[in-house]
Amino acid sequence: LGERTSAELLTSAAPGQVTRVDRRDTRAGATVRTSGAISATPVLLAFELRAAESQGVDVRTRFGLTPPPTLRGMRAGELAVSEPVLLDAPTDAAELSTRGEATLDRMLGSTRIQRSVRRRLGVYWESYGFGAEEPVTVTVRVERREDVGAVRRLGVLLRLATDPNSTVDISWREPDIARRVRVVPGPVLTHIRTVVLDIAGLPDGSYTLSVGVTRAGQPPVVGRRAFQLVP
-13 LGERTSAELL TSAAPGQVTR VDRRDTRAGA TVRTSGAISA TPVLLAFELR
37 AAESQGVDVR TRFGLTPPPT LRGMRAGELA VSEPVLLDAP TDAAELSTRG
87 EATLDRMLGS TRIQRSVRRR LGVYWESYGF GAEEPVTVTV RVERREDVGA
137 VRRLGVLLRL ATDPNSTVDI SWREPDIARR VRVVPGPVLT HIRTVVLDIA
187 GLPDGSYTLS VGVTRAGQPP VVGRRAFQLV P
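The sequence shown finishes on residue 217 if you use the numbering used here, and the numbering steps up by one all the way, no holes.
Watch out, some of these pointers could steer you wrong.
Cβ-Cβ distance ranges computed for the label pairs, FRET-style [as the list claims (entries may be wrong)]:
| no. | residue 1 | residue 2 | range |
| --- | --- | --- | --- |
| 1 | 78 | 51 | 20 to 26 Å |
| 2 | 78 | 43 | 38 to 44 Å |
| 3 | 21 | 164 | 29 to 35 Å |
| 4 | 202 | 23 | 18 to 24 Å |
| 5 | 23 | 76 | 15 to 21 Å |
| 6 | 1 | 189 | 26 to 32 Å |
| 7 | 77 | 129 | 24 to 30 Å |
| 8 | 51 | 216 | 23 to 29 Å |
| 9 | 40 | 94 | 25 to 31 Å |
| 10 | 91 | 165 | 28 to 34 Å |
| 11 | 1 | 97 | 27 to 33 Å |
| 12 | 78 | 55 | 36 to 42 Å |
| 13 | 16 | 77 | 18 to 24 Å |
Simulated from the structure, these hints should not be mistaken for laboratory data. The C-beta atom is built at its ideal place from N, Cα and C for all residues, glycine as well.
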């Protein structure tokens, strides 16, 4: 691409219907983030890059998206958790900001993570419907997901082999003055949390990251994100 490039975020809900959600000017080698509001209905989402001197689209990616229900659609007393967002965690910070724009500027562009480049992983998520100072238990879990053959499974049962799939989790109780949580007022109260995970000791493979919030006496509400660690 040339030095002057534009990035566009587009949606299509039906053949021949294309809506531009956002457009940003950028340049070769830079990171660009587009954002905008879309309807809570299934759409085809497209991200396109176009060089200033080009007559067409130079780079394009498309995928189907089914947005989660809106907060306005939540019933009284209903609870929910967003899918976690993977972030670039700075090496010199124990915590990440909970301010939306500043935090999402650190969003990773892929769920395929090179361990040789990244030894720490930031995580951002939101929970909805909980009280401002309500006692809850928060859990962050990383679970490896590797296919295991019949022989290996038998070896694990006989304790002759190790199971490559393991789970690591951390949990804490809130309110906790040692943990930073941002509460956003509105018709549905929103709690914003971030954590930084050390992934240096995890082996290469496929993982599921889960974030859960539990109210006393009720099952947890959980958001999940799959990612891969590669050399």
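Against the structure, the hints:
Distance hint check for residue 78 and residue 51: the Cβ-Cβ separation is about 35 Å, which falls outside the suggested range of 20 to 26 Å. A hinted range of 38 to 44 Å holds for the C-beta pair residue 78 and residue 43, which are about 39 Å apart. For the pair residue 21 and residue 164, the beta carbons lie near 32 Å from each other, so the given range of 29 to 35 Å is met. The hinted range of 18 to 24 Å is not satisfied by residue 202 and residue 23, whose Cβ atoms lie roughly 35 Å apart.
Separation of residue 23 from residue 76 is about 29 Å and departs from the stated range, judged on CB atoms against 15 to 21 Å. Look at residue 1 against residue 189: about 45 Å separates their beta carbons, and that is not inside 26 to 32 Å. Range check, residue 77 to residue 129: about 25 Å between beta-carbon atoms, so the 24 to 30 Å window is met. Taking 23 to 29 Å as the suggested C-beta distance range, the pair residue 51 and residue 216 conforms, at roughly 25 Å.
Under the hint 25 to 31 Å, the C-beta atoms of residue 40 and residue 94, about 27 Å apart, fit the expected range. About 22 Å separates the C-beta atoms of residue 91 and residue 165, a value inconsistent with the hinted range of 28 to 34 Å. Roughly 30 Å separates the CB atoms of residue 1 and residue 97, a value that falls within the hinted 27 to 33 Å. A C-beta distance of roughly 38 Å is found between residue 78 and residue 55, which places it inside the suggested range of 36 to 42 Å.
Against the hinted window of 18 to 24 Å, the Cβ-Cβ separation of residue 16 and residue 77 comes to about 22 Å, which satisfies the hint.
Hints 1, 4, 5, 6, 10, counting from the list given before, are not met by this structure.
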